[in-house]
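Protein sequences appear in the order of chains H and E.
According to the numbering used here, the first sequence is numbered sequentially starting from 1.
According to the numbering used here, the second sequence is numbered sequentially starting from 1.
Among the clues, some could well be false.
The list makes no distinction among identical chains, and a pair is therefore deemed to hold if it is satisfied within one copy or across any two copies.
[Unchecked claim] No farther apart than 25 Å at their CA atoms in a straight line, the calculated lysine-lysine pairs in the BS3-like style are these:
hint, residue 1, residue 2
1, 9, 409
2, 326, 303
3, 263, 346
4, 160, 49
5, 341, 263
6, 303, 22
7, 24, 9
8, 341, 257
Please keep in mind that the hints were generated in silico from the structure rather than gathered at the bench.
2 protein chains.
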Amino acid sequence: MFDPVEKLKEFIRQPSVSADSKFKDGMRGAQEFVSGLLRSMGFDVEVVKTDLHPIILAQRPGPASWPHVIIYGHYDVQPADPLNLWESPAFEPTIRGNRMYGRGAADNKGPLLTHITAVGQLLEENPNLPLRITFMIEGEEEMGSPSFGPFIRAYRERLKSADFVFLSDTGIPNEQQMVITAGLRGLVALEVEATGPNSDLHSGLHGGVLLNPIQALAELCASLHTPDGRVNIPGFYDDVLDVEPWEREELRKLGAKEEDYRKFLGIDAFHVPPGITPFEAVRFLPTLEFNGFGGGYQGEGSKTVIPSRAFVKITCRLVANQVPDKIRALVISAIEARAPKGVRLKIVPGHSGEPYVVVPPDRTNTPKDQSPVLARAFRATDAAVTEIWGRAPLYLREGGSVPIIGEIKRVLGLDSVMMGLFLPQDNLHAPNESFNLEVMKKGIATSKRILAALAQP
Amino acid sequence: MFDPVEKLKEFIRQPSVSADSKFKDGMRGAQEFVSGLLRSMGFDVEVVKTDLHPIILAQRPGPASWPHVIIYGHYDVQPADPLNLWESPAFEPTIRGNRMYGRGAADNKGPLLTHITAVGQLLEENPNLPLRITFMIEGEEEMGSPSFGPFIRAYRERLKSADFVFLSDTGIPNEQQMVITAGLRGLVALEVEATGPNSDLHSGLHGGVLLNPIQALAELCASLHTPDGRVNIPGFYDDVLDVEPWEREELRKLGAKEEDYRKFLGIDAFHVPPGITPFEAVRFLPTLEFNGFGGGYQGEGSKTVIPSRAFVKITCRLVANQVPDKIRALVISAIEARAPKGVRLKIVPGHSGEPYVVVPPDRTNTPKDQSPVLARAFRATDAAVTEIWGRAPLYLREGGSVPIIGEIKRVLGLDSVMMGLFLPQDNLHAPNESFNLEVMKKGIATSKRILAALAQP
Chain H
1 MFDPVEKLKE FIRQPSVSAD SKFKDGMRGA QEFVSGLLRS MGFDVEVVKT DLHPIILAQR
61 PGPASWPHVI IYGHYDVQPA DPLNLWESPA FEPTIRGNRM YGRGAADNKG PLLTHITAVG
121 QLLEENPNLP LRITFMIEGE EEMGSPSFGP FIRAYRERLK SADFVFLSDT GIPNEQQMVI
181 TAGLRGLVAL EVEATGPNSD LHSGLHGGVL LNPIQALAEL CASLHTPDGR VNIPGFYDDV
241 LDVEPWEREE LRKLGAKEED YRKFLGIDAF HVPPGITPFE AVRFLPTLEF NGFGGGYQGE
301 GSKTVIPSRA FVKITCRLVA NQVPDKIRAL VISAIEARAP KGVRLKIVPG HSGEPYVVVP
361 PDRTNTPKDQ SPVLARAFRA TDAAVTEIWG RAPLYLREGG SVPIIGEIKR VLGLDSVMMG
421 LFLPQDNLHA PNESFNLEVM KKGIATSKRI LAALAQP
Chain E
1 MFDPVEKLKE FIRQPSVSAD SKFKDGMRGA QEFVSGLLRS MGFDVEVVKT DLHPIILAQR
61 PGPASWPHVI IYGHYDVQPA DPLNLWESPA FEPTIRGNRM YGRGAADNKG PLLTHITAVG
121 QLLEENPNLP LRITFMIEGE EEMGSPSFGP FIRAYRERLK SADFVFLSDT GIPNEQQMVI
181 TAGLRGLVAL EVEATGPNSD LHSGLHGGVL LNPIQALAEL CASLHTPDGR VNIPGFYDDV
241 LDVEPWEREE LRKLGAKEED YRKFLGIDAF HVPPGITPFE AVRFLPTLEF NGFGGGYQGE
301 GSKTVIPSRA FVKITCRLVA NQVPDKIRAL VISAIEARAP KGVRLKIVPG HSGEPYVVVP
361 PDRTNTPKDQ SPVLARAFRA TDAAVTEIWG RAPLYLREGG SVPIIGEIKR VLGLDSVMMG
421 LFLPQDNLHA PNESFNLEVM KKGIATSKRI LAALAQP
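Could you build the full structure based on these sequences and the hints that come with them?
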């Protein structure tokens, strides 16, 4: 059996930056490294071509009576710039203390190898393990997974026979506490451009006769929230579900302190609707956020201009049960209804992503039709984590979005068990990214125990 | 006597771009050209050193019983770029049709030479003309006149003995209609910066717990106007004077068409307070304008960020009787009072300029203490323009700001007679600037007639 630490070094040495065509060789190297490793474990490996970077589909088939788990991961990494901030070279794996440093160590090479190693050890110990396993490993995650949706639609029939998806591409608060991500927010993006006069105007010669596009957009933006911190669009909250007591209780167990969070953000005060904590707001409520606003003079000092145009970039985060297309339509109609006279508005819809939630078994809001295998996976996770980590996992929704998880649910009907392995100090997407090798060791044991339990009904 | 057209060519050949140190020789050449011309006319010429470009102070002294007029102008010009858009070289004067082309032909070399020529002819015809004349010609107008305020304060005692200032650095709507600019708006600039979190945040991980600085500033900006197009700051209009019927009547005589103006601006609708025309709004009402707004992601597509900071650049245009420092204080207190919790505001006051208004004699609101010489100047202007241009001049306020005119009033107590000589097609500050030689000819005759009338009580 291979040594996962040595394999992680090999994997990191392949500079697989998907967004930069200069790293074509590194992308191929990383793909071949993963494909080869899975082949050596006896998997049927198919390298599925896409418009850009192939997806690795590796299967361990078996009779339909065996449970079937899909393990997701990605072999591509973020760019490593700025390189001069790295203490050791980004693509030269280096161990310092109990950490392996290198681009992609945590996101996602270490966690992916955690599951590959678990499967490898399990199959070595029990070559006849009654479990179907499919690895589905993409190379475009850091680019927004453009080929992933088309892929799962093309392979729908083969993939939807699975019982659930197992992955590690989320975080935990510390080395002691496992968190299973039980929900992700969805996303709807749009941009609004307001155009007033034909060209920029002198604010002395013409100021006072026309609506300044900056003013028009500022007034429009100001209309989109209520003073108490809610989104001021009719129907925006209609599909938001009540939060269950067990979810609030999980959050309470997390024990995060508002004052610490406030200091971490560096703000004077939180801005949340009455009766909601910031930790609840970020997980359980949708948002409408201004990601960029621009118009007129942007340089030093002043320039007496009335700009011809101004723009605002908006994203809404959505929570479970909200539908991106519906929310986009609500936002667009509100903006159109409030469009100020005297400027022309252009609304450009952007990308979107489904929100996602999964409820572990035995909670008040667990769907009655939850797959028995998924329920067993959650129970096995509880048991494995409690034994290996010394305390039960927490099931928490997160504020971020991983659109592929909602897409998998929508296209394949499959839920995901997201086992967190990133620590806050792993520096994802930043210089000196690293992965904690103790977490990796516990992760391998946990994954192995969960998969083994699934195979024994 | 010199030929003004030949002299204008000589003047234009000196590339006197004040803002660009590469044109040091051109600046000196232009200064020496003007100084020499005035010396040849018998003036005592003093070249007053400043931190950058000297001011020419040329005097024709006389007994205190003689009226005393200061003629203002500037010998510096705007940069000529982009040079490739000029049909003939920018600093090679070229006559096409009845126009002299070249950088500075209109702004301000032609109009300045108009008055110099008028004075030269007048003194040649009547060497004993009982009129004190002071030329005050600066070289930094196109840079915002930084040395002009210190200069008039340093020479206050000598200058304040004048009766009024006579200049041509404003426009007329067409070759037939003389306009005397009777008012200019003042200016107050400030910048507001809102800072929220320590650094840009991921809008998924943290969206919904804090006030986005873009949202904070948008809401603040939206509070600064009423829906009917007025500035929503207590006391903002307190010192604005009622517009007199005679002023509305002058505007009516101008005969500008709203529909033409709307098309020129390229807007769907004007945005003015009820009962006010756009032509009135731009002249008689103060404004609060957003000249720039920036925050968050400015590039293509979307980026899911909550920015750490956002800024807005504001200028207010002020009308007669409003005091810049008072308006600045009102705006700052309104912003401070409305400062949203959860962001830190930094308000940076910028530059300011006094508004200005002068009322010709015999109007209902002419100040009772108006200098008799100024009143004679206006009456002489009426007579001269009516005779030479075939119709009486219009006395109109303008929306723009020429801060030195308010500064002259405040420091020296002197009003200005601003005789317009620019036509809309003169291309000021743009390629292919030119000056209409027929307007110059009429201007010389008009200036001469006015000055002659002043000398004959």
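Hints, verified against the model:
no.	hint	verdict
1	9 - 409	neither (33 Å within a copy, 78 Å between copies)
2	326 - 303	between (41 Å within a copy, 22 Å between copies)
3	263 - 346	between (39 Å within a copy, 20 Å between copies)
4	160 - 49	within (20 Å within a copy, 85 Å between copies)
5	341 - 263	between (42 Å within a copy, 16 Å between copies)
6	303 - 22	between (42 Å within a copy, 24 Å between copies)
7	24 - 9	within (19 Å within a copy, 64 Å between copies)
8	341 - 257	between (47 Å within a copy, 21 Å between copies)
In this structure, the one hint that does not hold is number 1.
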